[in-house]
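Chemist: Quick note, the sequence shown lines up with residues 0 to 597 if you use numbering that gives the first Met the number 0.
If you're looking for bench data, these hints aren't it; they were derived computationally from the structure.
Warning: the hint list may mix true and false statements.
Said to hold, decoys possible - PhoX-like mimics (lysine-lysine), calculated; alpha carbons at most 20 Å apart, straight line:
hint	residue 1	residue 2
1	169	278
2	342	519
3	278	156
4	67	57
5	114	169
6	57	73
7	156	342
8	342	263
9	263	155
10	155	114
11	278	328
12	208	73
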Amino acid sequence: MNRILSRTLVGVGLLGFLVLSAAAQEPSAERAESQFERAFYLEVHQNDLAGAAAVYEKVAANSTAPEKLRAEAKTRLAGIREDLASAELARLMPPEVIAYAHLAEPGEHVERLLKLMGLVGPVPEGAADVKPFKLGGGLVLPADFTISPALVDELKKLRGAAIGLTGIDKGGRPSGLVAVHPGNCNLLRGLIETAVQLLEPGEPIDGFKTYRVPDLGWVMITNRLALAADSRAELAAAAERLRNPSAPSLASSASFQKVAAEAKGSLLFAYVDGPAAVKRFGSQIDGQQGRMIRALLDLEHLESIVVTLTTNDQGISLAAQMNLMPGHKNMIYALVRTAPMTKRSLELVPQGAAGVLTIGLNPPGPAAPTVTNPDGTPSISLMDVGRELFGNIDEVSVFAMAPAGDAQGRQPFPEIGAVIAVKDPAKSEALWNQILSLATLFGAKSAQPPTEAEIAGKKGSVYQFDGIPPIAVVRAGGVLVVGTRSAVTAAVQAGADGNSILKDPLFAPLLARLTPNASKALLIDAGRAMPIVAALAGGGSSDEMRLIGALVHDMKISIVTDEAPNRLTIRADVTGLPKFRDIVMLLNGQQRQAAAAK
Numbered sequence: 000m001n002r003i004l005s006r007t008l009v010g011v012g013l014l015g016f017l018v019l020s021a022a023a024q025e026p027s028a029e030r031a032e033s034q035f036e037r038a039f040y041l042e043v044h045q046n047d048l049a050g051a052a053a054v055y056e057k058v059a060a061n062s063t064a065p066e067k068l069r070a071e072a073k074t075r076l077a078g079i080r081e082d083l084a085s086a087e088l089a090r091l092m093p094p095e096v097i098a099y100a101h102l103a104e105p106g107e108h109v110e111r112l113l114k115l116m117g118l119v120g121p122v123p124e125g126a127a128d129v130k131p132f133k134l135g136g137g138l139v140l141p142a143d144f145t146i147s148p149a150l151v152d153e154l155k156k157l158r159g160a161a162i163g164l165t166g167i168d169k170g171g172r173p174s175g176l177v178a179v180h181p182g183n184c185n186l187l188r189g190l191i192e193t194a195v196q197l198l199e200p201g202e203p204i205d206g207f208k209t210y211r212v213p214d215l216g217w218v219m220i221t222n223r224l225a226l227a228a229d230s231r232a233e234l235a236a237a238a239e240r241l242r243n244p245s246a247p248s249l250a251s252s253a254s255f256q257k258v259a260a261e262a263k264g265s266l267l268f269a270y271v272d273g274p275a276a277v278k279r280f281g282s283q284i285d286g287q288q289g290r291m292i293r294a295l296l297d298l299e300h301l302e303s304i305v306v307t308l309t310t311n312d313q314g315i316s317l318a319a320q321m322n323l324m325p326g327h328k329n330m331i332y333a334l335v336r337t338a339p340m341t342k343r344s345l346e347l348v349p350q351g352a353a354g355v356l357t358i359g360l361n362p363p364g365p366a367a368p369t370v371t372n373p374d375g376t377p378s379i380s381l382m383d384v385g386r387e388l389f390g391n392i393d394e395v396s397v398f399a400m401a402p403a404g405d406a407q408g409r410q411p412f413p414e415i416g417a418v419i420a421v422k423d424p425a426k427s428e429a430l431w432n433q434i435l436s437l438a439t440l441f442g443a444k445s446a447q448p449p450t451e452a453e454i455a456g457k458k459g460s461v462y463q464f465d466g467i468p469p470i471a472v473v474r475a476g477g478v479l480v481v482g483t484r485s486a487v488t489a490a491v492q493a494g495a496d497g498n499s500i501l502k503d504p505l506f507a508p509l510l511a512r513l514t515p516n517a518s519k520a521l522l523i524d525a526g527r528a529m530p531i532v533a534a535l536a537g538g539g540s541s542d543e544m545r546l547i548g549a550l551v552h553d554m555k556i557s558i559v560t561d562e563a564p565n566r567l568t569i570r571a572d573v574t575g576l577p578k579f580r581d582i583v584m585l586l587n588g589q590q591r592q593a594a595a596a597k
């Protein structure tokens, strides 16, 4: 009995050993198919290209897998390797590029903008109740019009395109490389692969098909890309960079690496290599005028120019940046560059302002000695005008407010004021009063002397001009306020009670864009600005202005300059884009007005 039991146990153990041995052997065809499915999932659904490539390699090397499956794995592996090598299209560009531009992931940015305008996703509230706009010919444009998600999804499959310029010959013909990555957009890929068949084929490059474009150059179709260049040699070099991502390229150049971070997440990115551009085109700037330009701009110290256009969950942003080498003597930039703003003038810009233009002029510091008259008042001379601008004024903020209206409900001149942060407010007050006193002699048919008035608890002077509201000048602490009387009153009151634009919730996102080196800024709340636009337009059509006001109610615009010693950045942002529903309402209103005019 024991012998039978022993033999049974030995048999079971041997059988288990054989099963385990078989499982430990080379993967079966069934397992290879499972691996392929996993690799496909990682590639398409998880966008884990590196992980997918590792699994595809196993399938391609599996001798027990069906040949068709191995071939498919090799094809997809080759495509993934190209995707990884061209994750940054700058890697495909030659290192001697003068100028470069790319369009990246356009679908993501377009979808974001469409959502902001109510053209993708949930229909804005009330859109279905708006009457459709008649286009003519039996066509209408409904206010609840939306873009099909299928179209957006197809657009999101596009990876992008890039161009690298290496030169321009005497005939004006450019040279360089163009790369188009259709991504998974089979429509674009199919159009390209179909169109190139009409071209004259050439000898393959590194196994990739090439085609001759008469009088232009060559085209090469790889596993994932379409490349075009003026010469086959340029395509061959691109193929080498595609196969060897560590090969020298634009992306590996020291100059480009300094600005590469600016390209992250951008829809459009453009770059000019300063030294390369000057070396290539500098000789064409000749003659006396050319020498003057080179001296004023100090082109030999131009490092790069970068322009980016991007989107975010709030709107659109455009930035232009000029980078200069240390020790530059760019006189144009020296004239433009001023001291960073301190925001001291913003402390008196009242809440409710529709827009403000702030300019930092001079760094804060002690006031220069003041020459006084025998009665103790500051002595004013012509030279003090220059001293005021280039020494005494630290910062100035010009703001605009909606007109208050009069007893008849008419829209008068907009309320405009300037808050001037200065080192010597007494001298500034005397200078501005002198200037306005002279201005009244030319700005009024019947010249009148200024009148003394108390404005928000401060003594000031009021000047009368023809056709505009009275202009007031008030000194409030270390600042001077000049403008229409209502604007000056609001500014002085804001400084007294602390309710300035710095605490205005609608301007908080705009003020957040001011950097430590920000010297100039234009901040506008379009919704608040509409009454001002209506006033400047003489009132306009109340219905039309109301519709436009609804269109831009949430729109905010900012333009800010960041002026560092070796870098000038100008950034423009637009948020609160109009909803498509409001656009249709405006079109309907204009259509009704046109019909009534007939």
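Chemist: A separate judgement is required for each hint: does it hold in the structure or not?
Modeler: Hints, one by one, checked against the model:
Taken as a hint, the residue 169 and residue 278 pair is honoured in the structure, with Cα atoms around 15 Å apart against an allowance of 20 Å. Taking the CA atoms of residue 342 and residue 519, the gap is about 11 Å. The hint holds against a cut of 20 Å. Using a Cα cut-off of 20 Å, the hinted pair residue 278 and residue 156 is violated, with the two alpha carbons roughly 39 Å apart. Only pairs whose Cα atoms come within 20 Å are accepted, and residue 67 paired with residue 57 is accepted, the gap being roughly 15 Å.
About 47 Å separates the Cα atoms of residue 114 and residue 169, which puts this hinted pair outside 20 Å; it is violated. Between residue 57 and residue 73, the direct Cα distance comes to roughly 10 Å. Compliance with the 20 Å bound is thereby established for this hinted pair. As the CA atoms of residue 156 and residue 342 are separated by approximately 45 Å, the hinted pair breaks the 20 Å bound. Between residue 342 and residue 263 the CA atoms are separated by roughly 31 Å; this puts the pair beyond 20 Å, and the hint is violated.
As the CA atoms of residue 263 and residue 155 are separated by approximately 17 Å, the hinted pair is consistent with the 20 Å bound. Taking the CA atoms of residue 155 and residue 114, the gap is about 14 Å. The hint holds against a cut of 20 Å. In summary, the hint linking residue 278 to residue 328 is supported, as the alpha carbons are separated by about 18 Å, within the 20 Å threshold. Proximity of residue 208 to residue 73 is assessed by CA-CA distance (about 18 Å); at most 20 Å being required, the pair is judged to hold.
Of the numbered hints stated above, those contradicted by the structure are hints 3, 5, 7, 8, listed in ascending order.
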